Amino acid sequence: MSKFIATALAATMLMPIAARAEGQIEVLHHWVSQSEVEALNVIRKALEAKGFQWKDSAVGGMSGANAQQALRARLTAGDPPGAMQFLGWEGVQWAEQGVVRDLNDLAQAGGWREALAPQLLPFVTSGEAFIAAPINMHRQNWVWANKKIFDDAGIAVPKTWAELIETGKKLKEKGVVPVAMGDEPWQIGIIFDALLSDLNGPEFYQKTAVDLDPEALGSPEMVKVFDTLREIRGLVDDNFVGRDWAVATGMVINGEAAMQFMGDWAKGEFLAKGLKPNQDFYCFATPGKVTSFQYLIDSFGMFTVKDETVQQAQVALAETIMDPQVQKDFNRIKGSIPARNDVSVDDFDDCAKLGFQERATAIEKGSMQGAMTHGFAAKPEFASVFSDVAAQFFVGKMSSEDAVKMLVSGIDNAR
Amino acid sequence: MAEALSRSGKARLGRMVVYGCLIVVALVYLMPLWVMVVTSLKPLDEIYSGSFIGLPKVLTFDAWRAAWSEACIGTECTGLKPYFVNSLLMVIPAVVLSTGIGAINGYILTKWKFPGANFVFGLLLFGCFLPYQAILIPMARTLGLLGLAGSIPGLVAVHASYGICFTTLFFRNYFVSLPDELTKAAMVDGAGFFRIFWSVILPTSIPIIVVSCIWQFTQIWNDFLFGVSFTSGSNSPITVALNNIVNVTTGRKQYNVDMAAAMIAAIPTLVVYIVAGRYFVRGLTAGAVKG
Amino acid sequence: MSASTHMSSRLAGWLPRLVVAPSLLIVIVTVYLFILWTGVISVTSSKFVPTYDFVGLDQYVRLWATPRWHTAVANLFIFSVLFLALSTGLGLLLAILLDQNIRVEGALRAIYLYPMALSFIVTGTAWKWIMNPGLGIQKVVTDLGWTTFRFDWITDPQMAIYTVVVAGVWQSSGFAMAIFLAGLRGIDNSVIKAAQIEGASLPLIYRQIIIPMLRPAMLSVIVLLSYIAIKSFDLVLALTNGGPGTATELPSTFMFSATFRRNQMGVGAASAMMMLMTVAAIIIPYLYSELREQKNG
Numbered sequence: 001m002s003k004f005i006a007t008a009l010a011a012t013m014l015m016p017i018a019a020r021a022e023g024q025i026e027v028l029h030h031w032v033s034q035s036e037v038e039a040l041n042v043i044r045k046a047l048e049a050k051g052f053q054w055k056d057s058a059v060g061g062m063s064g065a066n067a068q069q070a071l072r073a074r075l076t077a078g079d080p081p082g083a084m085q086f087l088g089w090e091g092v093q094w095a096e097q098g099v100v101r102d103l104n105d106l107a108q109a110g111g112w113r114e115a116l117a118p119q120l121l122p123f124v125t126s127g128e129a130f131i132a133a134p135i136n137m138h139r140q141n142w143v144w145a146n147k148k149i150f151d152d153a154g155i156a157v158p159k160t161w162a163e164l165i166e167t168g169k170k171l172k173e174k175g176v177v178p179v180a181m182g183d184e185p186w187q188i189g190i191i192f193d194a195l196l197s198d199l200n201g202p203e204f205y206q207k208t209a210v211d212l213d214p215e216a217l218g219s220p221e222m223v224k225v226f227d228t229l230r231e232i233r234g235l236v237d238d239n240f241v242g243r244d245w246a247v248a249t250g251m252v253i254n255g256e257a258a259m260q261f262m263g264d265w266a267k268g269e270f271l272a273k274g275l276k277p278n279q280d281f282y283c284f285a286t287p288g289k290v291t292s293f294q295y296l297i298d299s300f301g302m303f304t305v306k307d308e309t310v311q312q313a314q315v316a317l318a319e320t321i322m323d324p325q326v327q328k329d330f331n332r333i334k335g336s337i338p339a340r341n342d343v344s345v346d347d348f349d350d351c352a353k354l355g356f357q358e359r360a361t362a363i364e365k366g367s368m369q370g371a372m373t374h375g376f377a378a379k380p381e382f383a384s385v386f387s388d389v390a391a392q393f394f395v396g397k398m399s400s401e402d403a404v405k406m407l408v409s410g411i412d413n414a415r
Numbered sequence: 001m002a003e004a005l006s007r008s009g010k011a012r013l014g015r016m017v018v019y020g021c022l023i024v025v026a027l028v029y030l031m032p033l034w035v036m037v038v039t040s041l042k043p044l045d046e047i048y049s050g051s052f053i054g055l056p057k058v059l060t061f062d063a064w065r066a067a068w069s070e071a072c073i074g075t076e077c078t079g080l081k082p083y084f085v086n087s088l089l090m091v092i093p094a095v096v097l098s099t100g101i102g103a104i105n106g107y108i109l110t111k112w113k114f115p116g117a118n119f120v121f122g123l124l125l126f127g128c129f130l131p132y133q134a135i136l137i138p139m140a141r142t143l144g145l146l147g148l149a150g151s152i153p154g155l156v157a158v159h160a161s162y163g164i165c166f167t168t169l170f171f172r173n174y175f176v177s178l179p180d181e182l183t184k185a186a187m188v189d190g191a192g193f194f195r196i197f198w199s200v201i202l203p204t205s206i207p208i209i210v211v212s213c214i215w216q217f218t219q220i221w222n223d224f225l226f227g228v229s230f231t232s233g234s235n236s237p238i239t240v241a242l243n244n245i246v247n248v249t250t251g252r253k254q255y256n257v258d259m260a261a262a263m264i265a266a267i268p269t270l271v272v273y274i275v276a277g278r279y280f281v282r283g284l285t286a287g288a289v290k291g
Numbered sequence: 001m002s003a004s005t006h007m008s009s010r011l012a013g014w015l016p017r018l019v020v021a022p023s024l025l026i027v028i029v030t031v032y033l034f035i036l037w038t039g040v041i042s043v044t045s046s047k048f049v050p051t052y053d054f055v056g057l058d059q060y061v062r063l064w065a066t067p068r069w070h071t072a073v074a075n076l077f078i079f080s081v082l083f084l085a086l087s088t089g090l091g092l093l094l095a096i097l098l099d100q101n102i103r104v105e106g107a108l109r110a111i112y113l114y115p116m117a118l119s120f121i122v123t124g125t126a127w128k129w130i131m132n133p134g135l136g137i138q139k140v141v142t143d144l145g146w147t148t149f150r151f152d153w154i155t156d157p158q159m160a161i162y163t164v165v166v167a168g169v170w171q172s173s174g175f176a177m178a179i180f181l182a183g184l185r186g187i188d189n190s191v192i193k194a195a196q197i198e199g200a201s202l203p204l205i206y207r208q209i210i211i212p213m214l215r216p217a218m219l220s221v222i223v224l225l226s227y228i229a230i231k232s233f234d235l236v237l238a239l240t241n242g243g244p245g246t247a248t249e250l251p252s253t254f255m256f257s258a259t260f261r262r263n264q265m266g267v268g269a270a271s272a273m274m275m276l277m278t279v280a281a282i283i284i285p286y287l288y289s290e291l292r293e294q295k296n297g
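Chains as they are written, first to last, in UniProt numbering: chain L, 1 to 415; chain S, 1 to 291; chain X, 1 to 297.
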């Protein structure tokens, strides 16, 4: 009898907790570093201000592959999280499996399609359905440079890759490491992606990195890309193996190295030291005939769930993410620019302003393209062939011709 | 006399060589630990300015405090503390279950042999070599059907299941060396299956229980793959939390916190090794190696 | 002669089988049924999620046409052989040395064993620094004046796999040491004394008498270390992340990235089946001979 009373008592005591848990949403993401978390807290707080609960499920590492694996296990078990951070084609592929909630009603009411660059839509829509809310846009093809080194050597910002390589050789003679980087395939991939478009134009990038056209893949233009990549290898010191990208950025900051090719998340490292763009360091796009803007976005998709309270929280989360003010606050911390085109970046730093401005031009010129290395061009089974070949070429002694052959046969094998 | 002297001199030289070798190897083995300890005691700026191996110029315990109770795992800034508790909740039942089941399996496979017992043992043993990456998805489905998805009990079930293979191996090899007369005498006295297990077999198997527990504890505590696949958020074991502290995509690595966190995560296994290390070797001596 | 023949009651005769049945059922489901499932996936066109359309051995053909997989297989061979040989050799040596009535045996044993306790997710970083030519050993030695000293394996695609071997041996040789030490403690001292009286030298006694007596310990070491070698996963991820380039890829890392990063679930399953077949080819003959020997003896 007393047991029964105890149970009943416990049940009533649990009631308020259950009531508070209403409208709780679990968010599975792979943002675990400090600046990422601070930015994510902008969304979390805005959601909580609307009276919903945020249940955090972070799985870091391997550029989100660990989180993907966790998600796959969760979906297989029939226990999906309310929301998930998507990179590249992930959202679209899940949508094709019919497990992602369609947010089209919200998108139409909120004018999302109009607010986003048309190049972005393939990653957040699937057929008629709107499947993910994009929060930010990073640009991958930036060069970060130590201004003092440039000024002391009397060199200007290079306008072509040939100039850049010449500059690098000059700096190397002076005992400066021209290019700071690590040997991770994605760090090499950033340079490779940029070369594809900068040397041969955005059409070539489309043909190779997106359409996987065999002719373009085996063309002399591709050989040229590898030749240039080999020259860049000559500008990197021999201790680059296992070097974290942020350590490489540190080398540029303290004057050990002159330049780094890295997405705009590197900016945070400079700003954290109190350095100012164009006063202490330079930020400029990789030099090409047509200035390219190779982007990657983070978006959040919602899974189909039965629980109505979670459904309500999903709506609230999607609206929060697309809120212009949230996008502004989030991206000022994250180092990226808002996914929405219609958010003013007047309060942002000079690099972000430059990026915002170059994005507008790139949209017109057709040189705003998804960054392959981060999964925004070819599907992963193909993109990984590019990154394998580029990385193997970069660290080894392969000839450019052999690399091209390997690329062509590798892509064929993955088809 | 002179001969005896030179002989003892030779012996002394031999012992010096032995000690020398042991100490040199010990120093090499300690090198990574040294790097981890000094790094965890340095401020981050000192590390990023290129000092990786030397002693800290500024000594600080901030990284340890941060790793234990302040570091952010996602947007929850709780440090490793709650995940440490999760891991304990996972490892204790899983070790007890798998060791218990292994003990009784080993007992049956040696003292109550039935036709095909060796084949059963072979089936179990092969399971030790399963590459776990291959079975994640069917396991996830199974846990979902059982209603155990995303929970610590689910994780306990997975670890206990795959642990059976190894624990059965340990106990079987140990019990093979126990004389059959022991069980036969008990049977003559009228003791049954379970009675013999409890009062005859178990009391003699303390050493192998220690071995089994140490092995299972190390494997389960350090597991990352199952933890990341079958739990999430606040249910995660410590290795998943550690991974979240250590792995950084677009931010700067907090090397000092990483190292402190790694050492905190290793404390339970280190304690087990140091406290039970003596029994470990004793237990292995007692029979596990008579494979 | 098994004890069960003495049981008269029929139920009691079945009891052991009943008790072992749940374990067997669990293992049949979680090991063999899941292997079967992986086998099925490996003959389908599964990419992002499982699909069940039969494509024959296409995925195996694709797997063997992938240069990365060839690297992985070659590396597994190099890694396993060296890792097993060095861990066993070093473990045996340490065990023999530790068995000479060493004063601080407990402390030394703990030092040799501790690497097993640490998660490699982070010890990998420490090793990465130690092996980095600009930060670690090479720098320390060249700073001391030996300017031509080179230890830059980790930067060389040809040599990088050996750095994984070094870290692996560091992590596991202590465990081998513990098992050998146990084996040595199990040997009757009178055997050694008798040999000594006959004038045999200590190295000879070890070579001729003691080491052959350690055969069972050797087998245990090899089984447990092979298990560790096949599963080596975070070792590679943390130390080199498969690099430089793809130089240190292993089958386990290949399988993971094919399935979870490259949308090639079928290829991943095919690689898992290849690994399982290799394991089976080694383990089944071993099991067979071991179990038969016991039946005879």
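Mixed in with the good hints there might be a few duds.
List time: in silico EDC-like cross-link candidates among lysine to aspartate or glutamate, alpha-carbon distance up to 20 Å [claimed, not checked]: (1) Lys169/L - Asp227/L; (2) Lys45/L - Glu76/S; (3) Lys139/X - Glu46/S; (4) Lys273/L - Glu358/L; (5) Lys81/S - Asp56/L; (6) Lys10/S - Asp58/X.
Residues of chain L clear of chain X, computed beta-carbon distances all greater than 10 Å [to be verified]: (7) Gln53; (8) Glu114; (9) Asp183; (10) Glu203; (11) Glu215; (12) Arg230; (13) Leu275; (14) Lys306; (15) Pro324; (16) Asp347; (17) Lys353; (18) Pro380; (19) Asp388; (20) Met406.
Residues of chain L clear of chain S, computed beta-carbon distances all greater than 10 Å [stated by the list, open to error]: (21) Trp31; (22) Ala70; (23) Ser126; (24) Ala162; (25) Val176; (26) Leu229; (27) Asn341; (28) Glu381; (29) Ser400.
These aren't lab readings, by the way, just hints derived from the structure by calculation.
Here the structure is a predicted model, which is why all the values come from computation and not from measurement.
Where a beta carbon is used, it is the ideal one built from N, C-alpha and C, also for glycine.
Going through the hints against the structure:
{"no.": "1", "hint": "Lys169/L - Asp227/L", "result": "holds, 16 Å"}
{"no.": "2", "hint": "Lys45/L - Glu76/S", "result": "holds, 12 Å"}
{"no.": "3", "hint": "Lys139/X - Glu46/S", "result": "holds, 18 Å"}
{"no.": "4", "hint": "Lys273/L - Glu358/L", "result": "violated, 26 Å"}
{"no.": "5", "hint": "Lys81/S - Asp56/L", "result": "holds, 16 Å"}
{"no.": "6", "hint": "Lys10/S - Asp58/X", "result": "violated, 67 Å"}
{"no.": "7", "hint": "Gln53", "result": "holds, 29 Å"}
{"no.": "8", "hint": "Glu114", "result": "holds, 31 Å"}
{"no.": "9", "hint": "Asp183", "result": "violated, 5 Å"}
{"no.": "10", "hint": "Glu203", "result": "holds, 26 Å"}
{"no.": "11", "hint": "Glu215", "result": "holds, 21 Å"}
{"no.": "12", "hint": "Arg230", "result": "holds, 14 Å"}
{"no.": "13", "hint": "Leu275", "result": "holds, 24 Å"}
{"no.": "14", "hint": "Lys306", "result": "holds, 21 Å"}
{"no.": "15", "hint": "Pro324", "result": "holds, 34 Å"}
{"no.": "16", "hint": "Asp347", "result": "holds, 37 Å"}
{"no.": "17", "hint": "Lys353", "result": "holds, 35 Å"}
{"no.": "18", "hint": "Pro380", "result": "violated, 5 Å"}
{"no.": "19", "hint": "Asp388", "result": "violated, 6 Å"}
{"no.": "20", "hint": "Met406", "result": "violated, 7 Å"}
{"no.": "21", "hint": "Trp31", "result": "violated, 7 Å"}
{"no.": "22", "hint": "Ala70", "result": "violated, 6 Å"}
{"no.": "23", "hint": "Ser126", "result": "holds, 23 Å"}
{"no.": "24", "hint": "Ala162", "result": "holds, 30 Å"}
{"no.": "25", "hint": "Val176", "result": "holds, 16 Å"}
{"no.": "26", "hint": "Leu229", "result": "holds, 23 Å"}
{"no.": "27", "hint": "Asn341", "result": "holds, 22 Å"}
{"no.": "28", "hint": "Glu381", "result": "holds, 18 Å"}
{"no.": "29", "hint": "Ser400", "result": "holds, 31 Å"}
Hints 4, 6, 9, 18, 19, 20, 21 and 22 from the earlier list are contradicted by this structure; the remaining hints agree with it.
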